[in-house]
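**Student:** Chains E and U, in that order, give the protein sequences. Under this note's numbering, think of the first position of the first sequence as 76, with each following residue one higher. Under this note's numbering, think of the first position of the second sequence as 729, with each following residue one higher.
Take the hints with a grain of salt, since some may be wrong.
[What the hints assert, rightly or not] Derived CB-CB ranges, DEER-like:
hint, chain 1, residue 1, chain 2, residue 2, range
1, U, 783, E, 161, 33 to 43 Å
2, E, 226, U, 780, 50 to 60 Å
3, U, 827, E, 226, 43 to 53 Å
4, U, 783, E, 237, 44 to 54 Å
5, E, 197, U, 821, 48 to 58 Å
6, U, 781, E, 227, 52 to 62 Å
7, U, 769, E, 233, 42 to 52 Å
It should be emphasised that the hints constitute simulated quantities derived from the structure, not laboratory data. Everything numeric in this text was worked out from a predicted model, so none of it was measured. Think of the CB as a built atom: it goes at the ideal place given N, C-alpha and C, for glycine as much as any other residue.
Residues per chain, in single letters:
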Amino acid sequence: MNFAASESSVSQRQDDDVPLHTLKVLVAGGFGVGKTTLVGAVSEVRPLRTEETLTDASVGVDDLGGIESKTTTTVAMDFGRLTFSGGVRLYLFGTPGQERFWFMWDQIAYGAVGAIVLVDTRRLSTSFASIDFFEERGIPFVIAANQFEGARRYSADEIRDALDLDSDVPVLMCDVRSREVARGVLVALVEHALQLAQR
Amino acid sequence: MENPRERWIGREAGPVVRPYAVTRGRTRPRGLVVDLVTILVATGRTPGDRVWLSREQRRLLELCRRPSTPADLASETDLPFRVVQILLEDLHQYGLIEEVPQAAEPSERPDPRILMRVLDELRRL
Numbered sequence: 076m077n078f079a080a081s082e083s084s085v086s087q088r089q090d091d092d093v094p095l096h097t098l099k100v101l102v103a104g105g106f107g108v109g110k111t112t113l114v115g116a117v118s119e120v121r122p123l124r125t126e127e128t129l130t131d132a133s134v135g136v137d138d139l140g141g142i143e144s145k146t147t148t149t150v151a152m153d154f155g156r157l158t159f160s161g162g163v164r165l166y167l168f169g170t171p172g173q174e175r176f177w178f179m180w181d182q183i184a185y186g187a188v189g190a191i192v193l194v195d196t197r198r199l200s201t202s203f204a205s206i207d208f209f210e211e212r213g214i215p216f217v218i219a220a221n222q223f224e225g226a227r228r229y230s231a232d233e234i235r236d237a238l239d240l241d242s243d244v245p246v247l248m249c250d251v252r253s254r255e256v257a258r259g260v261l262v263a264l265v266e267h268a269l270q271l272a273q274r
Numbered sequence: 729m730e731n732p733r734e735r736w737i738g739r740e741a742g743p744v745v746r747p748y749a750v751t752r753g754r755t756r757p758r759g760l761v762v763d764l765v766t767i768l769v770a771t772g773r774t775p776g777d778r779v780w781l782s783r784e785q786r787r788l789l790e791l792c793r794r795p796s797t798p799a800d801l802a803s804e805t806d807l808p809f810r811v812v813q814i815l816l817e818d819l820h821q822y823g824l825i826e827e828v829p830q831a832a833e834p835s836e837r838p839d840p841r842i843l844m845r846v847l848d849e850l851r852r853l
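Model the full structure from these sequences, guided by the hints.
**Tutor:** Next up, the structure:
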């Protein structure tokens, strides 16, 4: 480890330790599609799975469908953070993509930079609800199609057609387990959000 | 490769009751609703004799001596966001914490100038 470099990064961190501007990014997608992995790949803090509480009376749990009706149940929410200079902090929130979780999303989506919709190419239909949510609310989003081993390879255009997306929505074929790739997806989202903001 | 299914089941049953004991039965905030990324800071006032704070609230107040967000506070205290929001609402009502205004007013979309900065730094990472 380079001592001088680490020392300067420490003082830098102290400088930036006070948040001044906060930004949100949503990471949406069906169960097991890689939300936790993506958030963990870019987060500087240990990725957390906090429990968000649901008070809906009969809530299934993603594809498991295991939890019976309860007055209160919980759903895991992935949380990650990136700190930039000048007190800018970017927070990532990974939430389940089904409609019954939308009441959580509405709150997270307000003022958000946008969303990364993670797509499993073997189960495209599980991402329709998320895409509708963001389209209806005019929230910028990018599609990150996670390439699972053994799954058939598709081109970005094939995915775009299958999801019936506007031509300007970025579609990235990727493996979000890599930090580099996950960062690239984040860059694509911020670029896209900027383009839309400058229209 | 992780197995999210296992973690899901493992963490499912535990906190079903506890969070709402912490909020004394309330399941949603009644007044001020803080955003997950609202920046909050302790006002420095001391709670009066008639204000009773729970252990969790005292901890949140302690953490708010440095500006912080509900998202960060939830992750530090290991409490659900919704519970943290409700507890923070109390602290706000008691005048113990306040919101730190951000350069750009909260709005539907973030300030493009800040997005530009983020983009520059993300590319350099």
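**Student:** Hints broken by the structure, by number, lowest first?
**Tutor:** none
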